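Asks: Residue strings, one per chain:
There are 2 protein chains.
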Amino acid sequence: MIRHVAIIGAGLIGASWAALFLSKGLRVTVCDPSQTALDGLAPFITDAWADLAQLDAIAAAPPFDRLHVTRDIATACMGADMVQECGPDRIAIKRQIVAQIETTFAPDRIIASSTSSLMASDIQDGATHPGRILVAHPMNPPHLVPLVELVAGRATDPACIDTARGFYDSIGRVTVVVQKERVGHLANRLTSALYREAVSLVADGVATVADVDRAIAHGPGLRWAFMGPHLTYHLGGGAGGYRHYLDHLGPTQVARWADQTTPDLSPDLIETLVAGIEAATEGASTEDLARRRDAALVALARLKRDLGA
Amino acid sequence: MIRHVAIIGAGLIGASWAALFLSKGLRVTVCDPSQTALDGLAPFITDAWADLAQLDAIAAAPPFDRLHVTRDIATACMGADMVQECGPDRIAIKRQIVAQIETTFAPDRIIASSTSSLMASDIQDGATHPGRILVAHPMNPPHLVPLVELVAGRATDPACIDTARGFYDSIGRVTVVVQKERVGHLANRLTSALYREAVSLVADGVATVADVDRAIAHGPGLRWAFMGPHLTYHLGGGAGGYRHYLDHLGPTQVARWADQTTPDLSPDLIETLVAGIEAATEGASTEDLARRRDAALVALARLKRDLGA
Numbered sequence: 001m002i003r004h005v006a007i008i009g010a011g012l013i014g015a016s017w018a019a020l021f022l023s024k025g026l027r028v029t030v031c032d033p034s035q036t037a038l039d040g041l042a043p044f045i046t047d048a049w050a051d052l053a054q055l056d057a058i059a060a061a062p063p064f065d066r067l068h069v070t071r072d073i074a075t076a077c078m079g080a081d082m083v084q085e086c087g088p089d090r091i092a093i094k095r096q097i098v099a100q101i102e103t104t105f106a107p108d109r110i111i112a113s114s115t116s117s118l119m120a121s122d123i124q125d126g127a128t129h130p131g132r133i134l135v136a137h138p139m140n141p142p143h144l145v146p147l148v149e150l151v152a153g154r155a156t157d158p159a160c161i162d163t164a165r166g167f168y169d170s171i172g173r174v175t176v177v178v179q180k181e182r183v184g185h186l187a188n189r190l191t192s193a194l195y196r197e198a199v200s201l202v203a204d205g206v207a208t209v210a211d212v213d214r215a216i217a218h219g220p221g222l223r224w225a226f227m228g229p230h231l232t233y234h235l236g237g238g239a240g241g242y243r244h245y246l247d248h249l250g251p252t253q254v255a256r257w258a259d260q261t262t263p264d265l266s267p268d269l270i271e272t273l274v275a276g277i278e279a280a281t282e283g284a285s286t287e288d289l290a291r292r293r294d295a296a297l298v299a300l301a302r303l304k305r306d307l308g309a
Numbered sequence: 001m002i003r004h005v006a007i008i009g010a011g012l013i014g015a016s017w018a019a020l021f022l023s024k025g026l027r028v029t030v031c032d033p034s035q036t037a038l039d040g041l042a043p044f045i046t047d048a049w050a051d052l053a054q055l056d057a058i059a060a061a062p063p064f065d066r067l068h069v070t071r072d073i074a075t076a077c078m079g080a081d082m083v084q085e086c087g088p089d090r091i092a093i094k095r096q097i098v099a100q101i102e103t104t105f106a107p108d109r110i111i112a113s114s115t116s117s118l119m120a121s122d123i124q125d126g127a128t129h130p131g132r133i134l135v136a137h138p139m140n141p142p143h144l145v146p147l148v149e150l151v152a153g154r155a156t157d158p159a160c161i162d163t164a165r166g167f168y169d170s171i172g173r174v175t176v177v178v179q180k181e182r183v184g185h186l187a188n189r190l191t192s193a194l195y196r197e198a199v200s201l202v203a204d205g206v207a208t209v210a211d212v213d214r215a216i217a218h219g220p221g222l223r224w225a226f227m228g229p230h231l232t233y234h235l236g237g238g239a240g241g242y243r244h245y246l247d248h249l250g251p252t253q254v255a256r257w258a259d260q261t262t263p264d265l266s267p268d269l270i271e272t273l274v275a276g277i278e279a280a281t282e283g284a285s286t287e288d289l290a291r292r293r294d295a296a297l298v299a300l301a302r303l304k305r306d307l308g309a
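Protein chains in written order, with the working numbering: chain A, 1 to 309; chain B, 1 to 309.
If you're looking for bench data, these hints aren't it; they were derived computationally from the structure. Only a predicted model underlies this, so the values are computations on that prediction, with no experimental measurement involved. Among the clues, some could well be false.
Each pair of labels, with its calculated beta carbon distance range [to be verified]:
| # | chain 1 | residue 1 | chain 2 | residue 2 | range |
| --- | --- | --- | --- | --- | --- |
| 1 | A | 251 | B | 42 | 30 to 38 Å |
| 2 | B | 264 | A | 66 | 48 to 56 Å |
| 3 | B | 57 | A | 88 | 37 to 45 Å |
Note that the Cβ used here is the ideal one computed from N, Cα and C, for glycine as well.
All chains should be built: construct the whole structure from the sequences, respecting the hints.
Replies: Pasting the structure below:
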């Protein structure tokens with residue numbers, strides 16, 4: 001039974017996990033070498049709490065008595081039932097963090113890394129108890145986007161994947177167990193694939209940054225909030241379903257794939273993209289935009305719950 | 001002023017346009033060589049009307065007195081202010097349809113093709129008045145997904161793009177003018193890019209069809225209902241915005257792009273995909289799933305309107 005989670009790293013992802021875990025009644029210890037980062041936790045959680053309160057019946061104010069902070073990893077892990085690791089995505093740092101965790105953390109408890117770009121196999125390499133190390137990767141912000149991708153490394157004990165799945169499911173997450181270790185796991189491979197073409201279209205002068213984004217948010221993005229690409233095309237096949245779609249329109253997909261290329265993310269292209277997003281956002285601050293995004297995610301979560309979707 | 005639209009083709013797209021145009025107070029004439037297709041219009045529109053009534057203050061029943069049907073293209077276009085062409089996506093057929101339209105349709109009025117895979121330049125080739133022919137491509141179903149992509153052919157009069165944009169905007173569509181003719185225009189290039197990886201992940205045994213779709217619908221798809229990939233990564237850069245993201249995390253995108261390949265959509269892979277969607281949909285009929293999709297799109301449209309998103 002996981003009642004107390006140690007979170008290593010108080011960045012955006014660590015802070016968001018902290019808010020979520022607190023809202024689910026867990027005790028949370030957050031560790032970060034930066035006191036400034038630790039000081040930012042309470043304001044972040046207070047903001048997130050207002051959103052979380054729209055999704056769950058929770059206390060009016062965050063239960064800060066169940067939140068502990070420390071700058072020492074070994075201290076953070078003492079007595080914790082699980083570690084959610086959210087340190088910098090560099091393998092040498094991850095291994096150092098694991099070594100420090102293992103000095104005090106009970107060997108039968110899992111260490112779940114939030115890494116988006118590293119592999120569990122590499123992180124567990126050299127660990128004293130590598131079998132309990134796995135990837136549990138959320139999407140930003142974790143307290144509002146339910147997906148958690150679970151990936152085992154070569155040495156991961158399958159029972160730890162089951163334990164992790166049970167834990168995240170129990171706090172309302174949607175878990176997917178990724179069957180093979182790949183760069184970007186699952187969801188970020190999909191977002192990268194979409195992004196490749198989103199950048200190419202701008203690089204090739206087919207559309208502006210603003211128009212590419214408008215096309216998604218008023219077009220296919222609406223469907224993707226409820227169904228993935230496979231189901232979308234299953235319905236694109238009418239009464240004949242996916243087989244009819246693939247037999248008749250599969251070749252149009254192949255033709256489009258053949259026409260797509262990887263853009264060169266050069267300094268010039270980066271300037272074009274940055275200028276494009278400035279034009280698209282019309283002076284709105286990233287803070288305001290993130291607030292609007294979070295409000296939209298909360299409203300969508302409620303809607304999906306009402307629809308059972 | 002466009003008050004009367006002739007729709008050529010009574011398939012899914014033509015029928016959906018008809019429902020939308022009627023709900024916006026327009027007169028509609030639908031032409032199809034198949035009487036069966038024409039007979040299916042009224043039931044389709046009646047179903048669609050229930051959804052449209054949740055988005056607009058419209059009469060309780062569809063105004064079938066403003067809907068006309070015919071099997072003859074020339075008859076359909078007489079007196080129409082605009083043609084929405086929704087015939088089969090084969091260039092020889094499109095050109096035949098255009099030739100028949102031009103026998104009775106006033107030369108100063110636009111012909112907008114719903115084609116998803118052909119180019120306006122090819123459709124207008126050989127037309128008597130090619131300047132008024134353009135692509136106005138919707139996403140399925142057009143009465144619930146607001147995006148309309150406008151694309152000019154080589155011979156298209158720019159004023160016709162303006163006229164089309166004004167028309168679709170006036171009936172609540174979100175228009176994007178695509179700057180260059182490309183296979184798949186804009187939105188379907190983006191969906192194809194996502195789909196390429198969605199298929200690859202299944203082909204490579206990284207995830208099941210069901211898990212790929214779950215990852216989208218409970219992960220990045222939630223954000224895409226409100227913002228495109230550029231804005232998403234702008235916010236992924238925190239306070240530093242898109243430039244910070246591209247400078248620091250651009251290389252992780254490049255690494256993922258380098259790791260992605262085009263799957264071979266072989267008969268074996270098609271079997272795997274079809275079996276995967278059968279497992280994912282657990283016996284639900286495409287009709288039921290489409291009904292759930294439409295209910296979700298209606299609810300999302302209302303939510304986005306409330307949020308001003």
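Asks: Out of the numbered hints, which ones does the structure contradict?
Replies: 3
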